[in-house]
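Top line first, the protein sequences correspond to chains A and B. Be aware that the first sequence starts at 1, since it is given in our numbering, and climbs by one per residue. Be aware that the second sequence starts at 1001, since it is given in our numbering, and climbs by one per residue.
A hint or two may mislead.
As the list claims (entries may be wrong) - The calculated lysine-lysine pairs, modelled on DSS-like cross-linking and capped at a C-alpha distance of 27 angstroms, are:
| hint | chain 1 | residue 1 | chain 2 | residue 2 |
| --- | --- | --- | --- | --- |
| 1 | A | K43 | B | K1239 |
| 2 | B | K1153 | A | K241 |
| 3 | A | K130 | B | K1185 |
| 4 | B | K1153 | B | K1185 |
| 5 | B | K1043 | A | K222 |
If you're looking for bench data, these hints aren't it; they were derived computationally from the structure.
Protein chains: 2
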Amino acid sequence: MPTQDCWELEETAIPSVSEGEILIENHYVSLDPAMRGWMNDAKSYIEPIGLGDVMRAGSIGKVIKSNGHPMFKVGDVLTGVGGVQQYVATNGKGFFNVDTSVLPMTKYLAALGMPGMTAYFGILEVGKIKEGDVVFVSGAAGAVGSIVGQIAKIKGCTVVGTAGGKEKCDYVVNELGFDACFNYKEENIYTALKQHCPKGIDVYFDNVGGEILDAALAFLRKKARVVICGAISQYNSTKVKGPDNYLSLLINRASMEGMIVFDYADRYQEAGIQMGLWMMEGKLKTEEDVYNGIENFYPTFQRLFTGEKRGKLVLKVKEDE
Amino acid sequence: MPTQDCWELEETAIPSVSEGEILIENHYVSLDPAMRGWMNDAKSYIEPIGLGDVMRAGSIGKVIKSNGHPMFKVGDVLTGVGGVQQYVATNGKGFFNVDTSVLPMTKYLAALGMPGMTAYFGILEVGKIKEGDVVFVSGAAGAVGSIVGQIAKIKGCTVVGTAGGKEKCDYVVNELGFDACFNYKEENIYTALKQHCPKGIDVYFDNVGGEILDAALAFLRKKARVVICGAISQYNSTKVKGPDNYLSLLINRASMEGMIVFDYADRYQEAGIQMGLWMMEGKLKTEEDVYNGIENFYPTFQRLFTGEKRGKLVLKVKEDE
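Work out the full structure: start from the sequences and follow the hints.
Put into structure tokens, the structure is as follows:
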């Protein structure tokens, strides 16, 4: 678990804007488990964050200055990887214009942002769900898991979730429409899976790793798919614990596949339109848990690992006027 | 590791042949790692062998009696799951007629039997190899691994193997044409993989599990495929050790998939024709390590786990005339 001294709050002048650049005032910063991985000095799917760099993070904000930018103008709302900071001077690469008259800013960091895209492509393209499948989702009340389960319900699956706490489980069943959700902190995982997935699991969407992954493997059905999206239980371990039940893949001719949402960047628009429609139809709900103040980055970030949050964790970095 | 007292050598009368049945005299019995799994009292892809049952095994033999069987006649050579015994009375279900004028009997337990079919469908259908792929194979001198590597060479891949012992490695490179093979008992697996797969691994065909699986995961390339065919290093463990490096699947958007050859039964003929052609063209070589005498079942079976054998392990059960 990173300690507070991994970060420093630095106050500097608002950056100047070179020719062809814009200045974005960030309103909200997205806090995601993936950020923990970006801090490791190791070969991965993306360069690690360098010492002294601004902490990398998704963000959304408003253009407040343009020095002749060819596409973006003052007043545009842009989302991209703007980092944990209040102002970004950029040539705009990797930023997208969004329409906040349809949905509020925070939704663009949730269902229409990285977690939503991860859920969409993860469950449809990697999980390959089909009607009637039994889908099990860990981190069911989280930013990604909550959307995964709702998409699976839309597609006609039976959906069972697990989350840490009774309140979260109630939310997942009563508000999001999962068929069942159990509290892994109180219940025996094997007993709960036996009860809620009596015929076994066709697709397991894994956000957590560890014991829950191992238990899910023990309940796989023939030709099941395990989507490895994250492993929050392992991110702060110096030694990752592998799934001892992996031979269930052999016995059941099942597969376990990793995914990184960035691979689907050229299809974000397609997914965004579909997700937006589902939201307007009331079939897809998301909740953002918004904390306030850039100075509160560290205690808010910790909630990713303590689980003290519900839905998408967001930090408001724009100061109130 | 099963002890000798798991089996008993029983002498009984040659079984009588009911109407519609045949009597096969087994010549050879196939010894395969899968047999160990069949001995566990656990839910699997096939019923466990019952206490008191004949030990299940692939076999090949000659029909010596027919009581009006509609398809098979005396003199036919049949292969199927005949068990570790000298005579089988059967209605013929699951047995196939083979032509021993083309290839000797033992080849039908190797390249044209279960190991060959496993290699063929495993590397082509699950591994989905394509020209230029870097393929890594464990158990490279074994019945399955030796064929996997040769098929990958035929398909234009770079093939690296690992085996237990210098002699086996030399055989794999010099006789079977692998690009390289290292001795995991002497060399550091990570160092060897770094040396022989400098660009990483596209397909890892796993027959062993354990440390070698973990090391292979660390070298996966983007979109790599891991074929879980077996885990001989784990079969006699009371507690299987999972692959701690499984998050390499996530980072590399890679997949790990299990396979059971029986799923491809309706395509054995297609594979058999192709493998037979490759053998006749001299592109595919197999070696059978034949031991003699049904009374030597146990010490021969042990060789599956000690590695004291090369290629396909076969037990000759027909007594010399």
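Status of the hints after comparison with the structure:
no.	hint	in the structure
1	K43(A) / K1239(B)	31 angstroms, violated
2	K1153(B) / K241(A)	35 angstroms, violated
3	K130(A) / K1185(B)	45 angstroms, violated
4	K1153(B) / K1185(B)	25 angstroms, holds
5	K1043(B) / K222(A)	12 angstroms, holds
Hints 1, 2 and 3 from the earlier list are contradicted by this structure; the remaining hints agree with it.
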